[in-house]
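Student: Those protein sequences? They're chains F and W, same order as listed. So for the first sequence, the working numbering puts the first residue at -19; every next one is plus one. So for the second sequence, the working numbering puts the first residue at 153; every next one is plus one.
These are computed hints drawn from the structure, not numbers from a lab. Hints should not be assumed to be uniformly reliable.
[Claimed, not checked] Straight-line Cα separation of at most 25 Å, DSS-like style, residue types lysine-lysine; simulated pairs:
no.	chain 1	residue 1	chain 2	residue 2
1	F	38	W	403
2	F	57	W	403
3	W	317	F	160
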Amino acid sequence: MKESAPAIEIRGLVKSFGDNRVLTGLDLTVTEGSIFALLGSNGAGKTTVVKILSTLLKADGGTATVNGFDVVTQAAKVRESISLTGQFAAVDEILSGRENLVLVARLRHLGSPGMIADELLARFSLTDAGGRRVATYSGGMRRRLDIAMSLIGSPRVIFLDEPTTGLDPEARLEVWRAVKALADSGTTVLLTTQQLEEAEHLADRIAILHEHRIIVNGTLAELKQLLPPAEVEYVVKQPTLEDVFLAVVGRTQQPPPVRTGEEPR
Amino acid sequence: MTTHCIGDTTVLLGRSLRHISRSPDTIVTTAIMPIAFMLLFVYVLGGAIQTGTDSYPTYLLPGILVITVASGISYTAYRIFLDVQSGIFERFQSMPIPRSSVLWAHVLTSLVANLISLVVVVLVALAMGFRSSVGVLAWLAVAAVLVLFTLALTWLAVIPGLTAKTIDGASAFAYPLILLPFISSAFVPTDTMPGPVRAFAEHQPVTSIVNTIRELLAGQPVGADIWLALVWCAGVLAVAYALAMGAYHRKFA
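If we strip away everything but chain W, and leave its shape as in the complex, we get:
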């Protein structure tokens, strides 16, 4: 059964990846918004922002990466919604394949698609002046944090994918997630924000994730931020996974 589970998930993963390779626009549009934000903030607003660092692109990139994932996962909700609507989900459910394979294939597809988008965004950032001199280990740590973050948000995206009534509803949930980085340390340091906003910004998950990635890329010791980031990601992942599975079992007995 376990071998079938992995085998079937791989077959279904191949299917979704083929979808992506046939509509590469989903990866391009995922990358376009964060790149547009990056251009806006670096070349329009950046001159007036005091971050206390030499290079604003370097300060900005971690937040942009978070936005990339937040916009990328809406396609997961979109793809799951289409599968549910078209009836192909029911076909898979009535076949002798492990039922979790269908969802896992979508989640892994999301991971692959988001990683490609993230690489594209990092390359554009490099062209815009982002620099980091840290070694492979630090980059791997950044990748690991982003993978965990993507997994958490992807399982969150599974919920509207399964339950939404309309295609707009399936992808609209991503907007608040895309805006969350704006009220964090992603674009400006939090110390200039008024009290309540600052309190929110400093205690929401994006700030700890952004700080962790920033410290890793700057080669600085990561403090408590990384633990806070990991706890946030793992917590969101666990809750979203449970809710997604609940929605799934309500829909398909």
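For reference, chain F alone in the conformation it holds in the complex:
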């Protein structure tokens, strides 16, 4: 494989469920080692794209390659290159966290699955919970375990389908940290989300999926340029307690700015 080959390449992807057209000619390229966010409202077809790329669904038309392999004719090769973290944490509730990791390591035919499991438990701060049944885990812990399971075997491309839906803010930050660490290690991440903040925070490139096709695709800076230049607005800033404190103890270098609470003209 050439080094410049894109991790994911989609050309003219078409998919319908009965009369319901979900994708009508979708094009997308994701470069290796980047985080790509597919943004769209509910039912826009994000999950359908992920399912086609992870060989769970067959497209009606168009082509898609992952890691250079065609998702239809080289499905087995694709499955060796990817990991899917679906919309709902796909973990085994009856097994312990450690057993879940060992299971996936065995299915990927890796040596010393126990060691791999312990390593990942440590990396995702789950060591203490590792022996407990997953049924007792919080939403954030489940998601972390879910992502940890996806990392086993170091797949080249990871699909995260709405990875933080239903998580509290703290758990969301944990997941974000994990995703960033992934990209830093050279893994390509395709994530879908309906949270604009998530895409803004994580993604190198963002595509907006709307009415069956990609309507915008670019970096955050490029996307921002689509709007008229930002207007400068004056906002009244009340002094913080810190400003007051520094002013009254006389530690400030320059006199505190005069704040009248009036709009400057």
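Start from chain F and add chain W according to the hints.
Tutor: Here is chain W on its own, set in the frame of chain F:
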């Protein structure tokens, strides 16, 4: 690929068996209903039933074994349904493992769980007066018939497991299967039944299976029944397997 197929199926089988060992209630509840039927028929109704044999528990057991399997396989549908719902099925499908491994692991789990339930039921029957003096070979033949029957019904259970919309739908299909033995030679000889019922009872699969097991356990020569039973089981197995695979491929490309 073949070694991976067996290896992966074994890993996944270990997973499902661990599920069973952590919720042994699925085996207990599987055995409870047939045992309750056995108690009811032996101690309440049995005195009034004329079977032409000395021991009603001995007459009854084959039908009870069929009911045990019929109630046991609903857990297979239940477990597959949960795997589909939880998304773990999709995780397995997107991994480089032979796709049939996932289903086969469930089918083999069903086989193991049902065999344990069957042993429990036979032990209770022994305590209630069931007796058989036949040798190991006859018992092996009985086991073989029951294994084939379990496989056929398990593949039938895979279909609602994959396609059901609700958890109730996934397990409800087993009820007609549990009732089928009542319209057969399982509890009473068929000759007292009115014409059409008798015709149905004598030509439905349960009767030939029950008769085969009964003849084997009594040490009598098995007649055409065993061939009929095998044809029924193999036929149901082939059709159910094809339908299950069809449902599977519709769900996962």
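Student: Holds or violated: residue 38 of chain F and residue 403 of chain W, Cα atoms, limit 25 Å.
Tutor: 11 Å, holds
Student: What's the verdict on residue 317 of chain W and residue 160 of chain F, does the C-alpha distance respect the 25 Å limit or exceed it?
Tutor: Distance of about 37 Å is beyond 25 Å: violated.
Student: Can the restraint linking residue 57 of chain F and residue 403 of chain W be considered satisfied, given a maximum Cα separation of 25 Å?
Tutor: 21 Å, holds
In this structure, the one hint that does not hold is number 3.
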